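Enquirer: The residues making up each chain are set out below.
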Amino acid sequence: MVDRIAGIWGTRTPYAKDGLWPVRVDQSLSEGVTESDVDRWVQSACVLCSNGCACDIAVKGGAMVGIRGRAGDLVNHGRLGPKGLFASWQGVSHRDRLQRPLIREDGRLVECDWDTAMNRITERSRQLLQERGPLSHGFYTSGQLFLEEYYALAVLGKAGIGTPHMDGNTRLCTATAAAALKETFGADGQPGTYADIDSCDAMFLYGHNMAETQTVLWSRVLDRIAGPDRPKIVCIDPRDTEVARHSDVHLAVRPGTNLALMNALVHEVLANGWLDAEYVNEHTVGLEELKATVEPWTAEAAAAVCDVSAADIREAARIFGTSSRVLSTVLQGFYQSAQATAASCQVNNLHLLRGLLGRPGCGILQMNGQPTAQNNRECGADGDLPGFRNWENPDHIQELADLWDVDPLTIPHWAPPTHAMQIFRYAEQGSIEFLWISATNPAVSMPDLPRIRNILAKPDLFLVVQDLYLTETAQAADVVLPAAGWGEKTGTFTNVNRTVHLSDKAVEPPGEARSDLEIFLDYARRMEFTTLQGDPLLPWTGPEDAFQAWKECSRGRPCDYSGMSYDRLRGGSGIPWPCNDENPDGRERLYADGVFPTDPNYCESYGHDLLTGATVGAESFRASVPRGRAILKAADYHPPHEEPDGEYPLRYTTGRTAYHFHTRTKTGRSRPLTQAAPSAWVEIGPDDAGRLGIREGDLVRVTSRRGRIEVPARVSDIRNGTVFAPFHYGYWDADGAPGEHPTAANELTITEWDPVSKQPVFKNAAVKVEKIADAAGPAPAPTTTASRPAAAGMKRVPPTTGGSGAEATELFNAAPPPRFPESINSVAINRSGQESRP
Amino acid sequence: MNLSIYLGMLHQAETTLAESFRQVASGHGAEPDVHFLCHTLAQQCEEHSRLLLPVVQRYGEDLSDSEPERLHAEGLSTTRQGPVGLLRDLQDLYLLASLVDVTWTMVKQAGSALRDRELLDVVARCGGETAVQLRWLQTRMKQAAPQALLVAR
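In order, the protein sequence lines correspond to chains D and C.
Per this note's numbering, residue 117 is the first one in the first sequence, and the count goes up by one each step.
Per this note's numbering, residue 24 is the first one in the second sequence, and the count goes up by one each step.
Hints were generated in silico from the structure; no laboratory data involved.
A few of these clues could be false.
Claimed, not checked - Far from chain D, by Cβ distances over 10 Å, these chain C residues were calculated:
no. : residue
1   : 64
2   : 102
3   : 139
To be verified - SDA-like mimics (lysine to any residue), calculated; alpha carbons at most 25 Å apart, straight line:
no. : chain 1 : residue 1 : chain 2 : residue 2
4   : C       : 165       : C       : 86
5   : C       : 165       : D       : 736
6   : C       : 165       : D       : 718
7   : C       : 165       : D       : 127
If you're wondering where the values come from, they're calculated on a predicted model, not measured in any experiment.
Ideal Cβ positions, reconstructed from N, Cα and C, are used throughout, including at glycine.
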């Protein structure tokens, strides 16, 4: 037994370059349950980060009692992280679950039956459609539903109601990943694969604290590091993360200055001639513009802006420029910061300049934040159109209209679908009067919370919230719908590296809770949405019908699922799309041939100007981009819009800890995870703390132009002049409101977003910090992560451990490591174990 | 040579456009994208005026033309409020930027006939950025128009 709170990444299984990552099966069972007690194991994958670890759920007496990793899956080779082990089934099997719908009566939420709740919704919906039209409706969904649910929502919203106001909190986590891929390659689609970790000579982690955000993926990196020929690691992060601690070069940049650094890295690669001229010549366009943009960005120029050493920038560039195989991974440090898309495109550019794509060890992973964010992008319940279709291409709109048998004019395509921040602005102004929020908690997760709370509380906004628990957002709703959770419904979802997993229903949902798919289908039925032929628009009876419909929608597009089936997804490994006639077992890496989806008739986007977000437009795109070439896009660096000044002298950044997910809706209901990181804190470096008279654990007030938080201080090794707060700590487990000492990191964040991806800027704001009370003990921050105390305080803070409730088993080499494509089911296995055709 | 009239017009128009971007930025602080980007674009216009200086020194500038001031007086001396007000303010910026755009084009024509490489380089950069300003304004207006014109309260 291993304490997986103390040992987040478990036991090392070192391996060498080009070797196979050994299998280690992680398992955790409810106290008192042994393997022999388990009635059955039900196949699924974990939904507590974007990694997509395949697992089996243990069921006993109709309840979920445990989880174990699937040895044969290409994603995780049997492993699970602490959140998967301790908050997957535990996070949904809690007495707080919503069991019946609620409606607001005389200002209070009271229980009712489904008919009453749904009638109230459809009554308001019908009335508004009649009086104000489709633009009065907005839908704000999640990165945590299943593919089938997003697709149902997309069809319902785009073809049933016909509103452009559909987005998800994927806007907060993954919009820049999608935007950067579209700008560079013409369409979304992850070029690389996790298996590139096995073969790379160097890894660059750009604003990606992988050790905490995707713990199992980091285990794979640690096992390479522990092997005989470790890759070089370059870390770009203002905090002293576990990644930084293992790095060869740590560039602890000032928040808000990523693009200056990236322009310098590209500058160095060009200046030293480390480019593959033939590749660039044959497969890209835009080199001259890129050269001109980065020309002023010498290592010294960037060093001055970013406050890192020029020698370190040069060394990082040298590693990128001279290693044979480089893997890059990018996450929120870039996506939620200033000039997000421009900085992320420069990562793509570095790979294009050296021709490092489509081969083992040469990959780009523009990461996602949430487990099913990818599906929201594919299915178009967010700011995209289904199947990576292009809203500016009338033929793509016609394809959708044909598929759904509706008038193409029904499908809004006069502009891109409205992004989340704009949806909330329209609600603030009163032009969106019906807002349906599913599986997400903007009352804690959006920037500038005082403003968001006011919007959600507006009496003229009809608010529907569909969730597992009575979240801070649900408390403001007019109708609350109890949703079924993971393990209580069947569906598929897709992780960062395009791998599709099936999650089968293991148990019944509590009380009257229903799956999100059932709820959406019920609404569509009650609203009587029909096709041109007069048939029901959404005739599906369950998830497999929706999956079949989705296969048709995706056919011929980059995210082609047409060769998959539920039966093929059972038993073997998850399958990476595209999966079709050409790629019957899916495809591990994209763009091996250097041909990119920039054909103007095929591409998902004609692109944008990276400084302003102005659309390039079809005509200009057709004239400037030879089909099949990737585009080297660039923008000059501009300083962030809110910088420290006399009144607010420190930079403020926010993020995740390894032990929690989002607003703790699930992880906050797990005892081991909550004990590891029970409540909010803020991190400050030793010099800043000394200057401000702050010692470990002191209660401090952090104030920005938007609001304040009051939390204990952790004196950590974060860079000077910068403070960090974890974003998990809202108020559902307090009084539901900020109270005397507010704790939610987004009380302070600014309302601003990237001009292209429209992803909010959570990583840069100006704040002041002052001590308001002496410490009552050390800050409640874990010692096992980036929030580890600085050396001076280390002895006085007890180490984070899990105790008996946090134990899990590790079974080594239970099976040979899975390989692509051998581990993919080439034929379908149906539920009764018989072969069938996909 | 009458090029000085157009250089004067251009200089004035860029200055007026910069001021107008600033005005829209401060009048629409509740639309953060408009607010921040208008500040950035105001700086861009001022940079255009700066880049134009050597050309102006060479050919002179005649400030007798008052076209941009008339637009300024009618459209952007103050900003409007609400969704339709935002749309109309952006539309005024669009008109002003169009004037700048076409003036750059005429100056480019003259520069070509003069075979003045330095002038053509300035036009390539500034005219290109003005074209992007126009595209951004149009992108933003197209997104805002249906909501402003159909359902805004």
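Enquirer: If a hint holds in the structure, say so; if it does not, say that too.
Expert: Here's how the hints hold up against the structure:
1. 64: At about 8 Å from chain D, residue 64/C fails to clear the 10 Å cut-off, so the statement is violated.
2. 102: 16 Å, holds
3. 139: Non-interface label on residue 139/C holds, nearest chain D Cβ at 21 Å vs cutoff 10 Å.
4. 165/C with 86/C: 35 Å, violated
5. 165/C with 736/D: 18 Å, holds
6. 165/C with 718/D: With a Cα-Cα distance of about 24 Å, the restraint between residue 165/C and residue 718/D holds, given a limit of 25 Å.
7. 165/C with 127/D: The hint is violated at about 55 Å.
The structure shown violates the earlier hints numbered 1, 4, 7.
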